[in-house]
Each structure stands twice: as C-alpha cells, then as structure tokens.
Amino acid sequence: MPEMTKQRPKFLNLAEIRLPLAGFASILHRVSGAGLFLMLPLLIWLLELSLGTPENFAQFKAVAGHPLVKLILLGLLWAFLHHFCMGIRILLIDVHVGVEKEQAAASAKAVMVVSLALTLVLGLKLLGVY
Amino acid sequence: MNRIVVGAHYGLKDWLAQRITAIIMAVFTVIVAAAVLSGAAASHEGWRAFVGNGLIRFLAFLFVVSLCYHAWIGVRDIWMDYVKPTAVRVTLHVLTLLVLVGYAGWATQVLWRL
Chain A
0 MPEMTKQRPK
10 FLNLAEIRLP
20 LAGFASILHR
30 VSGAGLFLML
40 PLLIWLLELS
50 LGTPENFAQF
60 KAVAGHPLVK
70 LILLGLLWAF
80 LHHFCMGIRI
90 LLIDVHVGVE
100 KEQAAASAKA
110 VMVVSLALTL
120 VLGLKLLGVY
Chain B
0 MNRIVVGAHY
10 GLKDWLAQRI
20 TAIIMAVFTV
30 IVAAAVLSGA
40 AASHEGWRAF
50 VGNGLIRFLA
60 FLFVVSLCYH
70 AWIGVRDIWM
80 DYVKPTAVRV
90 TLHVLTLLVL
100 VGYAGWATQV
110 LWRL
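Top to bottom, those sequences are chains A and B. According to numbering that gives the first Met the number 0, the residues represented by the first sequence are 0 to 129, in order. According to numbering that gives the first Met the number 0, the residues represented by the second sequence are 0 to 113, in order.
Be aware that one or more of the hints could be misleading.
[Said to hold, decoys possible] Pairs of lysine to any residue, SDA-like flavour, derived with a Cα cap of 25 Å:
| # | chain 1 | residue 1 | chain 2 | residue 2 |
| --- | --- | --- | --- | --- |
| 1 | A | LYS124 | B | PHE49 |
| 2 | A | LYS60 | B | ILE22 |
| 3 | A | LYS60 | A | LEU48 |
Derived by calculation from the structure, the hints in this document are not laboratory data. Note that this is a predicted model, so its numbers are computed, not measured.
Whole structure, please, built from the sequences with the hints as guidance.
This is the structure we're talking about:
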C-alpha cells in the first residue's frame, strides 16, 4: 500500500528525539570515542614530555597544569572512563550477559553512574583538590 | 555489480578486531592504573623505569597498535554513518588512516627510545 508508506512520520529532529538511557549511553560511547580520537595528538605529546628529560618533565607539569589543558584532560578522563565502562557492557552483551531489557537498562545506568563517579574521584585528584 | 568504494565490507572481521583490540587496551589500562595507584610510577624516574620495563614496553606497543586499529574502525564507522558524498567520505577515510599511522609511529618512538 504505497499511500500508507507515504504516511510514515519522519522524526529525525535531534532536539526532539527522546532516547532511553541505554540509547543515550550508547551515543555517548560514540561521542567519547570521537573526542578521544581528536585529542590523541595532545595525549601522545604529553606522554612524550612525561617520558623525556627532566626539562621535558617540567614542561609536562607546566602544560598539564594549565587551566585550559586541565579542563580538556577532565573531559578526556570522563570520555575514557565512559568508553571503557560502556565497552565492557558491550563485551558482556556480546557473550549474552545482561541481554534482557531490564538488565540492559540497569547496566546502562550503571555505566553512567560508575563513569561519572570515577570521573569525580579522579578528576578532583587531577584538579589538585587532594 | 553495484560496488561502493567506501562500502561496509560486511564487517565481521572488523567487529571481531574491535573486540580484541578493546580487550588488549582494557587489560593494559588496568596494569597501568595499578602501577599509578601503587605510587610506583609517581616520580619522573619511577615513571620512566615503569614504562621502560621490557614487558611493559612490549604491552605498551600492543596498546598503541590496538588503539590505532580500534580508532580506525570506530572513526570510519562515524564517517560511514554521517558522511554520504563518496568523495568527501573517502577523503576523510584516507586522512583518518594517515593520521593514525603517524600517531602509531610517533607513540612507538616515544616508548622505544627509553
């Protein structure tokens, strides 16, 4: 029935789509991966400085201590932790652990909570609060 | 045949590679996190000694290769999902590959000159 297929609503307004939490955590997996990819040069450069001469190490401290870099590193910390936790969830679902709807919803929530909590704990360390 | 130069290649190998590289990176992450939390890598010298250790150096290289392969599949999937014009997409694919190969060389040189 062609006239019925024409009636299908197209609902692709990103501002209006309401994803369930698992869908939200899933798109954040992509966003966090993209962010980590884009910041790879910064991370490799920091690794290089941290492993170099004492002068390089002092520069590493200075660069990593810059407020803007700290903010970026805080974002990357969350991105890594979210990508890591969500990755483990995906691997578990691949081996048929937590496939049921309720379990999958609960594990998505756990990924959000654990990655944000770890970001808070490690982020305060990064910012030099303790 | 209607073959598309930037088509998906139906992806089972990539799907598996994405999982294997993820596991390698996850295991190495836990090792590094343990070393950092133990305080063994806290000083500049301690950090250099940790990364310069033969086994860690070997695993770190595997991490770098896994990261670049993993990022290639992931970023390529993003281009495939959102970028439709073939010329733009294939350009982005090539640029992604080139930077990742460069990053792999750079990071390996950082690790192996210790």
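Do the hints match the structure? See the list:
The straight-line distance between the Cα atoms of LYS124 of chain A and PHE49 of chain B is roughly 21 Å, inside the 25 Å bound, and the hint therefore holds. Distance restraint check for LYS60 of chain A and ILE22 of chain B: the Cα-Cα separation of roughly 31 Å exceeds the 25 Å cut-off, and the hinted pair is therefore not satisfied. Taking the CA atoms of LYS60 of chain A and LEU48 of chain A, the gap is near 9 Å; set against the 25 Å cutoff, the hint holds.
Checked against the numbered hints given earlier, the structure breaks only hint 2 and satisfies all the rest.
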